[in-house]
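Peer 1: So the protein lines, in turn, are chains Z and G.
Residues in the first sequence are numbered from 1057 upward in steps of one, following the working numbering.
Residues in the second sequence are numbered from 880 upward in steps of one, following the working numbering.
What the hints contain is simulated information worked out from the structure, not anything from laboratory work.
For every residue, glycine included, the Cβ atom is placed at its ideal position computed from N, Cα and C.
Any given hint could be a false lead.
[Said to hold, decoys possible] One side only, chain G facing chain Z, incomplete, derived with CB under 8 Å: (1) GLY885; (2) TRP887; (3) PHE901; (4) LYS903; (5) ILE966; (6) LYS998; (7) MET999; (8) ASP1150.
[As the list claims (entries may be wrong)] Over 10 Å on every C-beta distance to chain G, these chain Z residues come out as not near it, computed from the model: (9) LYS1123; (10) LEU1129; (11) GLN1163; (12) GLU1175; (13) PRO1185; (14) ARG1224; (15) THR1296; (16) SER1315; (17) VAL1319.
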Amino acid sequence: MHSGDDAAISITNLSKVFTRGGGALNRMRGKGARHTVAVDNVTLEVREHELFGLLGPNGAGKTSIIKMLSTLLIPDSGSATVNGWDILADPFRVRMSIGLTLSSERQLYWKLSAKENLEYFASLYLLRPAEIRERVDMVLHDLGLEEQQDMLVENFSSGNRQKVALARALLNDPPVLFLDEPTIGLDPSFSQSFRTLIKKTINEAEKKTILLTTHYMEEADQLCDRVAFIDRGSIVAIGTPADLKRSIDEKEILTLALSSAPVEMVQRIQRVEAVSHVECQERDGRPILKVYTDSASSCMQDIVGIVTSAGIHILSFTTAKPTLEDVFIKLTGSGLDV
Amino acid sequence: MYDDIGSWDRAVREVYAIRYIFHKELKLWKRYPSRILFMLLMPFLSILSLYFQGMGLVGSTTSSAFADVAGTTEYLVFIILGSALFIFVSTAIWGIGNSIRREQMMGTLESLWVAPASKMTIFMGIALFDGLFSAYVAFMQLLLSSLLLPVNLLVPQALVAVLITFLLMFALYGMGFMFTGLVLIYKEIEDFTNLITQTIRMMTPVSYPLSVLPAPVAFLALFIPLTYALEAIRGYMGVGATHSLGYYVLVLLAFDVAFIATGSRLFHYADTRARRRGEIATH
Ligand SMILES: Nc1ncnc2c1ncn2[C@@H]1O[C@H](COP(=O)(O)OP(=O)(O)O)[C@@H](O)[C@H]1O
Ligand SMILES: [Mg+2]
């Protein structure tokens, strides 16, 4: 089946730079080409049966990595194998070994029913007619889509469209699945059940190796065995969600929404003992102060004192353990919502 | 896991895929009612307009002046045969590219591209659908002409016409592969394709014999397979001069090999370029 090592996906020094507007016509107009470094020397290994997450903001290079691994995009340099097959030397066997869902709702034929979509794609995965009937019925059943199998995809909810896309990715019973932003644009309760489906049914019961991308930190935290942080094309950290959170020295984070946040006040908070550092962000036009500390209880009084004596209103006040996003911010200096 | 199928097994599976692609094209087509109306009315409209045009200009369905340039007085039959064959030309050249462009606009192209089925399989599924569609329109045109118009058609040599059309199709699909590659590179190529289609129509004896064209244009027409197919079909339907059937078959086979080889190579080049630039899905 596959040619050797244990990694389901193995990526070595993978890079991709996109070039736009470099044609002869633009050169004559004196316009140079624009280069975007989408993926910058990424090295990564995903083990068999692992649920691995690529977490990073918009434009970080997540989709580009998925597309290179699924042979839709040719890398500039570096190499990768999927299920043991080299993505450049053996694209056919890579395609036979994977299932892919994209983040677009338009990846299915809206004028065909769910079942018609699946039968058609199953044939493109080179299943024979008898296998097609069997697999299509099986995935429809496994994902709970039997009731709606004859409904046109245009009449589906966004969530169920994503389910049909997932069903499609499972048709050829592939050992490796790539899920690009599987819950983007879905309502929270549906996202939750969809995540359970991915983890319990697809990863744990059906033993699929899954590489998913997301910019939702809870998604990476809840689902993934291991997570890689990706920012501007580079991997900045890899580990289990628990390890990554432990890597942050501060054990607690106070978050204050304020009516305003003058610089002198922020500096005074910074000088409070037990405060390791303070970050000022903005949400809905309001300043948000994040105070990183070893012990919230020992500095809380001081901070409240400083703020109220400056005549500033505290609109909300929470203390929390660091999240993956806090670790991400600490490592990259920017958040996930870009 | 199906990643270790043998090459014969794979070939059989690819053929099954062609069938499913055909069915999917048919289902999608049926879900747009305006297309059905178009299909039903198209043959009538085009035949009638050719007929009225002829009656307006010549006043009858035959012309002795036409015999001087074409070797037959049956000018209307001549034109009807030409336009019936040209239906195949435009769909074969543009059909696959058009369909791929549609997938690109709908957002399904990457899902199609990431599947293991060969691109040629996908093209053949589309071509089968388009080809049968063209065959229907062409056949209806000829049938309606022989029923409604005072012309003499549907001679027993119709089988020869089918053979010639079949041979012509391969060469045309070779061009079709090339245009599909252009779709991947330039996306919106409709104007360009129309330009090419109209140029071919002007340069080849679709509606008039080669002899009315200026010598350099008539010479260039010799490099277009349609020229030979038109000549052969008309010859065997009794209008216009002709070589032996074997000659036409050989010439068309040579075009088939050359065009398919060139077309698939150009498509492959374009596909690699698009995958390098990340432009499979971009409109
Ligand atoms: N086909 C393309 N052509 C040019 N630039 C692209 C293309 N695809 C992605 N990019 C750019 O590459 C960077 C990474 O994009 P992407 O991989 O889609 O990131 P993500 O999925 O993490 O949001 C972005 O700056 C994006 O604008
Ligand atoms: Mg993306």
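Peer 1: Look at each hint and say if it fits the structure.
Peer 2: Okay, the hints, checked on the actual structure:
1. GLY885: 12 Å, violated
2. TRP887: Since chain Z brings no Cβ nearer than about 13 Å to TRP887 of chain G, farther than 8 Å, the hint is violated.
3. PHE901: With a closest approach of 10 Å, the PHE901 of chain G hint is violated.
4. LYS903: Because about 4 Å separates LYS903 of chain G from the closest Cβ in chain Z, which is inside the 8 Å limit, the hint holds.
5. ILE966: 25 Å, violated
6. LYS998: It is violated, given that the least Cβ distance between LYS998 of chain G and chain Z is near 11 Å, above 8 Å.
7. MET999: 13 Å, violated
8. ASP1150: 10 Å, violated
9. LYS1123: Violated: least Cβ distance 7 Å, not greater than 10 Å.
10. LEU1129: 5 Å, violated
11. GLN1163: Violated: least Cβ distance 5 Å, not greater than 10 Å.
12. GLU1175: For GLU1175 of chain Z, whose nearest Cβ neighbour in chain G is about 7 Å away, the distance does not exceed 10 Å, so it is violated.
13. PRO1185: Violated, since 6 Å does not exceed 10 Å.
14. ARG1224: The claim is violated: ARG1224 of chain Z sits with its nearest Cβ about 8 Å from chain G, within 10 Å.
15. THR1296: 28 Å, holds
16. SER1315: 45 Å, holds
17. VAL1319: 44 Å, holds
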